[in-house]
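**Student:** As a plain string of letters, each chain reads:
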Amino acid sequence: MIDAPVAKPAGFEDTVRPHLEYLYGLAVRLCGNRTVAQDLVQAALLRAFRGFGRLRNREQPRLWLTRILTRCHIDRFRAEHEADEMLSLDDEARFDLFDKITEEDPFPYSDRVHLDFLDLFDDEKIIEVLQGLHPAHRTAVILAYVYGYPAREIATMTATTVGTVLARLFRGRKQLERGLWRYAEQRNLIRREGASG
Amino acid sequence: MISCKEAVSRLYAYLDRNLGRVPEAEMEEHLKLCRHCCGELEFAKQVRAALRRPGTKTALTVEARTHIEAYLKDLENERGAKR
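Those protein sequence lines, which keep their order, are chains H and L.
Number 198 marks the last residue of the first sequence (our numbering); no jumps.
Number 647 marks the last residue of the second sequence (our numbering); no jumps.
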């Protein structure tokens, strides 16, 4: 009788290769630059390679890889991540993009003005706006709203508390809303009442 | 009933199911009666969808894939050489 072949455990390369596209996309969003993103992915792969022996669930390595890449990113930009997070809170917290679009009505003939506003932004513009967020807030916003990780998981990934993650998400959202409006204004993507031309 | 200001501040936590049972019930009660906050809620969902938009900037380029896969090979070869 011939024994059934025993499946060979997947090696490092086979384990991570299906996730390269995902890791690269995450890296570009976090650092806003393709060259830096490629470098970041390689740094994360090196760290993952060294810790591969400790990975228990090799069938689903995405969360593990996300944790590693996020930590690499924070380590690399530690000074920026630790910069004062509390600047201009009052000013920021008052801004509400939904209300701003309603008040300014940048597309007077549209019956879907809020959607039309968001349609101004492709992924490249969104990434540019994200770069204007405080790095710690940006990391939380990307992990939560682009990739859907819960606050508890983001707290583990970023070595902080759930309360801090929730505060960063709140601040990050406000910076994002204001950033989207400013971006559209500065690049003349919207026509405002009283504007010439 | 909670105010619109309070409801708006809870929107994302509500979407994330990060509110406790009581604040969530207060939020739902408010949303049943407030058209403005329903609009805010819908907009919050649309902002998230915009953030997730795929595109050329985040796509792995052939050049980057080539570099990263070569790097992976180097790592594997390094391990093979150490055995």
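Don't read these hints as lab results, they were simulated from the structure.
Hints are supplied without guarantee of correctness; some may be wrong.
[As the list claims (entries may be wrong)] Simulated coverage check for chain L against chain H, where a stretch passes if three residues somewhere in it have a Cβ under 8 Å from a Cβ of chain H:
(1) 565 to 578
(2) 621 to 628
(3) 632 to 643
[Said to hold, decoys possible] Quick partial rundown of chain L residues pointing at chain H, CB under 10 Å, derived from the structure:
(4) Lys596
(5) Glu604
(6) Pro618
Glycine is no exception: its CB is placed at the ideal position from the N, C-alpha and C atoms.
**Student:** Tell me the numbers of any earlier hints that the structure contravenes, in ascending order.
**Tutor:** 4
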